[in-house]
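Peer 1: Take a look at the letters that make up each chain.
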Amino acid sequence: MTLIVRSETPSTHRTVVWLEGRLDAANYTALDEALRDITPLVDNGGTLVVDLSALEYISSAGLRSLAQLRKSMHDRDARTLLLNPQPQVKKVFEIVKAVPIAEVFATVAELDQYLDHMQRQVSGTG
Amino acid sequence: MVLRSVATRLALGVLLGSAIVLIVTGGLMLSHTREQMLAQTEQEASAVSGWAATRIQGRLDAVARVARVLAGVLKTRRDEAPALIRDTLAVNPEIVDITAAFIPHNGAAREADAAMARRAPDGALSMGSRLADPETYWTAPWFVRGLNCEHGCWQSPFHMAGRNDTLVGYSVAIPGSTTSVAGVADVTISLGWLQQLLGELNKPDHAAAFVVDADGMFLAHDWTSYVGTRGSKPFVAALKEHRNPVRITPEMGGRVSEPVWVYLVPIAGTTWTAGLTMPEREVLADLRRTYYVDILLGLAALAGVSLIALVITRRMMAPLGILSDRAEDVARGELDFALPDVRRKDEVGRLTRAFDQMRRQLAGHIDSAKQLAREQERMASELDIARQIQLALIPEAHWLADDGRVELHAVLRPASAVGGDLYTYFALGAKHICVMVGDVSDKGIPAALFMARTITLARTIATHARSPSDILGALNRELCKGNDTCMFVTLLCGVLETETGLLTLASAGHEQPVLHAGGSALFVDVETGPALGLDRDARYPVRVLTLLGGDTVLMYTDGVSEAHAASQKLFGSHAILDSVARLQDGATPEAYVEQVLGDVDAYVAGAPAYDDIALLALTWHDSRVTEVPLDAVAHS
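Residue numbers (the working numbering), protein chains in the order written: chain A, 2 to 127; chain B, 69 to 704.
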């Protein structure tokens, strides 16, 4: 099975990327290429949400891609949050911890709540 | 062989096609010309016949005039009849005899009633009477007919005893003073002049002229044997129906040996007809000759055109022949040859240049393919060396501690030449040994290099540490340095106190190990920290196990748990548990490794490995103490 990458940018603050299928050593370069076009759409300080609900499998090579994505976004103060992974994928995240497990959310509501919280912290400290 | 040449085929095609065109147009031309020739001949023949008819008419008119004048004179001068006819005969040399016959009075005829003047063949004139005729003259047909000819009419031709020429008479009724008709004046002429006139006609070659009367009797004919005979049935029929011209063939019953054309012109003032016959063969002889000459010339022209086509085509196709030979060379793989220098701008020129370019490009492609093959060969040999170097980085597959307490067996099986999985073990001081099984993200050369870095760093760092937690922490910080590509390695690290069997485990995002103790296999639940190389501040909790004698710990990478063929389900961690559970207590670590690998190989059934595989089994031997395993979890 192959990997399908779709994206949507409702605002410059938030871009959503949907991954569908398998993400492994055979096709992570396709994801890297797609992300090269998508990440510039996210503002510095914005949020990139990766929706994993349709991702059935992720290998270590796929994890590396996501980790690299997170790192590159982090370098420009943007956040990368993962949304709704399937159980087997979630388990991989939990074991390998290639991205902080705190940045993996089961629902959009949870994710929004987290973002609200983060914003309050920023404004609170600022 | 010859027919394989395009030039020859073209020349033959031109010849054949033109020949067909020539024959068809020739046939049409022949038919058209035939009509024209026939019309022309008819015109010619009609002219000749018409001229003859006019001549004949003039001559006959003169004779008829004599007869009519004589008849008019005799109306009042009957008694002078013998003298009148004699004088008239004397001044008209073309006349053979003249008769002035009267209807006898009261049935008693006198000699003077039927006076006749005659010219002998030698020119001597004599007088006589028609009473001397064997037939009674006033009942004879010529007389009866003459009585009815007020304006004169020609009698039928006849022969006279003592003369061999044909004679013909012109009769005019002599008007009476009291009655309307008193007698008949008859003038006879010889038709010898007619025959002569026909002979003098300027006729076309092979034509025969004739004069025929109303009944179809030939009065004169160039073929003298026909004179005095009747024409054939088709001829007489055509004459009566006034058909002109008419074609008569032997098959129709004509008196001819071949088809002839007959052209007829009526002679005015008479019931006669002048005509010409011409054999059709002769009419069309010129035409046939012309046609044959034309056809011969046409064929000669065609042969010439074909020859020219052959020569031109051969000259134009010559480069193609060479190209064909060269193309066969190309098919054999010979690309180094000279092509003719073609400067032409036509298709042959373009083809030759394109062929040359194609040959060069092909040679280029072959060269680059060879170079690529050499490159690949070099890569393969480099990879082979890299594999040997990588394998040199890991220790022996089998190791037994000096005191015999610890025995382990491991295997590393990269999916391709080199891989990212690793295992290693080494002594930490005299009382501890450290074992590690790891899996670098991704596969291939980058993973192999990262693996080499990891395994080298691990040995260096571990010599200063005793806790797996410290080892992983320090290793993580080292691997995070300059790791922009976010390569990472999951690693399970265990430190075993060889005398006590105390095993401390820490995991950086790695698979749970399997413990086979007391006949049952179970996962050892080690809380994992993040994989190494990603998060500088990561911490790694430890889990401590106390092994009993004969207990075996199996450490592995996801190449084992996630083994699968194309679209198969994954082999799965629980399958590893099942595999281990089937082993007897006291099995050697080697047996563990072989058992699990055997099951994995059987599961994928020969499919190429999807991921690298690393597998390590560690057995602790102690026969002195038998204790209940003591578990403890400590956070470093």
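Rather than coming from a laboratory, the hints here were simulated on the basis of the structure.
Some hints here could point you the wrong way.
Only some residues are given here: those of chain A computed to face chain B with a beta carbon under 10 Å [said to hold, decoys possible]:
| hint | residue |
| --- | --- |
| 1 | Gly63 |
| 2 | Val93 |
| 3 | Pro101 |
In this text the structure is predicted, and so the values were computed from the model without any measurement.
In this text, a Cβ means the ideal position worked out from N, Cα and C, and glycines have one as well.
Peer 1: Now look at each hint and say whether the structure bears it out.
Peer 2: Consistency of the hints with the structure:
Because the closest C-beta pair between Gly63 (chain A) and chain B is about 9 Å apart, less than 10 Å, the hint holds. Because the closest C-beta pair between Val93 (chain A) and chain B is about 9 Å apart, less than 10 Å, the hint holds. A distance limit of 10 Å between C-beta atoms decides the matter here; for Pro101 (chain A) the minimum to chain B is near 7 Å, and the interface restraint holds.
Checked against the numbered hints given earlier, the structure satisfies every one of them.
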